[in-house]
Amino acid sequence: MNLTLKVWRQNGPDDRGRMVTYRVEDVSPDMSFLEMLDVLNERLILDGDDPIAFDHDCREGICGMCGMVINGVAHGEQRATTTCQLHMRHFADGATITIEPWRAAPFPVVKDLVVDRGAFDRIIQAGGFISVPAGSAPDAHSIPVKKEDADDAFDAATCIGCGACVAACPNGSASLFTAAKITHLGLLPQGQPERDARAVAMIEQMDAEGFGGCTNTGECTAVCPKGISLDTISRMNRDYLKAVK
Amino acid sequence: MTSTIERGAATAAVPRRAPVKKAPTPKAPGGRRRGPAGLLGTTNGRKAVMAVSGAVLVLFLIGHMVGNLKIFLGAGAFNDYAAWLRTVGEPALPGRTLLTVTEVLLVAAVLLHMWSAVALARRASAARPVRYAARPRRRAGGYVARTMRYGGVIILLFVVWHLLDLTFGAVNPKGAAATPYDRMVAGFDPSRWWVTAFYVLAVAMVGLHLRHGLWSAFQTLGLVRGRARRTLSAVAAASAAVLVLGFVAVPVAVMIGVVK
Numbered sequence: 001m002n003l004t005l006k007v008w009r010q011n012g013p014d015d016r017g018r019m020v021t022y023r024v025e026d027v028s029p030d031m032s033f034l035e036m037l038d039v040l041n042e043r044l045i046l047d048g049d050d051p052i053a054f055d056h057d058c059r060e061g062i063c064g065m066c067g068m069v070i071n072g073v074a075h076g077e078q079r080a081t082t083t084c085q086l087h088m089r090h091f092a093d094g095a096t097i098t099i100e101p102w103r104a105a106p107f108p109v110v111k112d113l114v115v116d117r118g119a120f121d122r123i124i125q126a127g128g129f130i131s132v133p134a135g136s137a138p139d140a141h142s143i144p145v146k147k148e149d150a151d152d153a154f155d156a157a158t159c160i161g162c163g164a165c166v167a168a169c170p171n172g173s174a175s176l177f178t179a180a181k182i183t184h185l186g187l188l189p190q191g192q193p194e195r196d197a198r199a200v201a202m203i204e205q206m207d208a209e210g211f212g213g214c215t216n217t218g219e220c221t222a223v224c225p226k227g228i229s230l231d232t233i234s235r236m237n238r239d240y241l242k243a244v245k
Numbered sequence: 246m247t248s249t250i251e252r253g254a255a256t257a258a259v260p261r262r263a264p265v266k267k268a269p270t271p272k273a274p275g276g277r278r279r280g281p282a283g284l285l286g287t288t289n290g291r292k293a294v295m296a297v298s299g300a301v302l303v304l305f306l307i308g309h310m311v312g313n314l315k316i317f318l319g320a321g322a323f324n325d326y327a328a329w330l331r332t333v334g335e336p337a338l339p340g341r342t343l344l345t346v347t348e349v350l351l352v353a354a355v356l357l358h359m360w361s362a363v364a365l366a367r368r369a370s371a372a373r374p375v376r377y378a379a380r381p382r383r384r385a386g387g388y389v390a391r392t393m394r395y396g397g398v399i400i401l402l403f404v405v406w407h408l409l410d411l412t413f414g415a416v417n418p419k420g421a422a423a424t425p426y427d428r429m430v431a432g433f434d435p436s437r438w439w440v441t442a443f444y445v446l447a448v449a450m451v452g453l454h455l456r457h458g459l460w461s462a463f464q465t466l467g468l469v470r471g472r473a474r475r476t477l478s479a480v481a482a483a484s485a486a487v488l489v490l491g492f493v494a495v496p497v498a499v500m501i502g503v504v505k
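Same order as they appear, the protein sequences are chains A and B.
Mind the numbering: the first sequence is residues 1 to 245 in the working numbering, read in order.
Mind the numbering: the second sequence is residues 246 to 505 in the working numbering, read in order.
Just chain A, same shape as in the assembly (with noise of 0.2 Å):
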């Protein structure tokens, strides 16, 4: 395959950036989107050229790190997808890919396509966890949870916080990632104690950084790599309205 590529290039956070096109020839349809930035990589380096700087760690669409805007949609057309399982035979040959960084104020771009997630960071440490006595870890056992709490506290922890709800929300807001972490504690009997706490705290974080409001568009939800309900978004303004009642 041979593919056109429209790629944002920026130097550093307070580079202006620009779209750059590269030509990539001889691509597999079986690499992954991944791969075949690395080959594209490969030839810059060879070249002399800056290689383009993304983020990636496990490439098994579990750790949430890689994400890229492909042609407009945050990890590409394929659903419950993220960028590192994305695969080229689902491009046409000779077709144009345009590839933008997540486009959100509260994620700054470092480089080319890494953005500083580290507002996720902050809303996590504004509530996203329970405080329990450390020591050996308590039998599985010891404290019964139904099992639709627990499919569906299971299914909001799938949550990866690559970000991609943030950068396809047209408010730019990060309610579904708030969401998914408030929901999947709020589940558990663990997560009972500080539940109202939580609410309040991550959501006013969420604010703090510089996230938009939810209007229910739905689009975080259509790229969501693990497909998280818009359902934790609705348990979230519960638990919120409940908590400053």
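Among the hints, erroneous ones may be present.
To be verified - Per the computed footprint, the stretches of chain A lying under chain B, defined by three or more beta-carbons under 8 Å from a beta-carbon of chain B, are: (1) 27–37; (2) 68–75; (3) 81–92; (4) 99–112; (5) 161–174; (6) 199–207; (7) 236–242.
Everything labelled a hint here was simulated from the structure, so no lab data went into it.
Keep in mind that this is a model prediction, so the values were computed, not measured.
Idealized CB from N, CA, C, for every residue including glycine.
Using the hints provided, position chain B relative to the given structure of chain A.
Just chain B, lined up with the frame of chain A:
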């Protein structure tokens, strides 16, 4: 030696809703510290204000539509209904009690609805200072959700005109002195087709607004999940369609001469 522990104190029931623990003061990225925001200070709180004020407006719209449809029962029934709205509750209550209460509620709801909309729209534009080069492809098919902001402005402009036309009679051919029925028939006269066109456009915008707003309000208040949300979305579509048909029926009937 004199200190005692009251029996059972250690295992006494804790009040079910312990006071909300003060949120650790959130730190802005620059290390700037802020106090707790409170309901009206957070995006989620403002959305709740939008949901509740919107619900007030929807309840009004239902009553308004039912009242409008009385025009099909004839001039007498319509004018009597308009008069009844002014005298309901008399003599126990002073005249115009129902109307005054409704007006106060509506003005408050409209102002709160607009305030939260403007606040959230400003946040949204600040949250994405650099736009995507590739036109963002919408995956959720939420066309109506994207009409909410400009649709709201069109509805606001329409409400101003509508009040000047049929409530105050300022821009109505018959003026404020005429009966409500005469004002309605004169206002949607075929010679004023552009008034009817604007009316139909605004009502269509209200329909789109409700298509998203009706279920969205329940989601924002955390009242629906899963299948209930999908059912509610269908109910919202049906309710919006009924309201649009109910409101469009009257001017169209005047236009084609069914009501004259």
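Hints versus structure:
1. 27–37: Not satisfied, violated; 0 residues make the cut.
2. 68–75: holds (count 4)
3. 81–92: violated (count 0)
4. 99–112: holds (count 5)
5. 161–174: holds (count 5)
6. 199–207: holds (count 7)
7. 236–242: holds (count 6)
Hints 1, 3, counting from the list given before, are not met by this structure.
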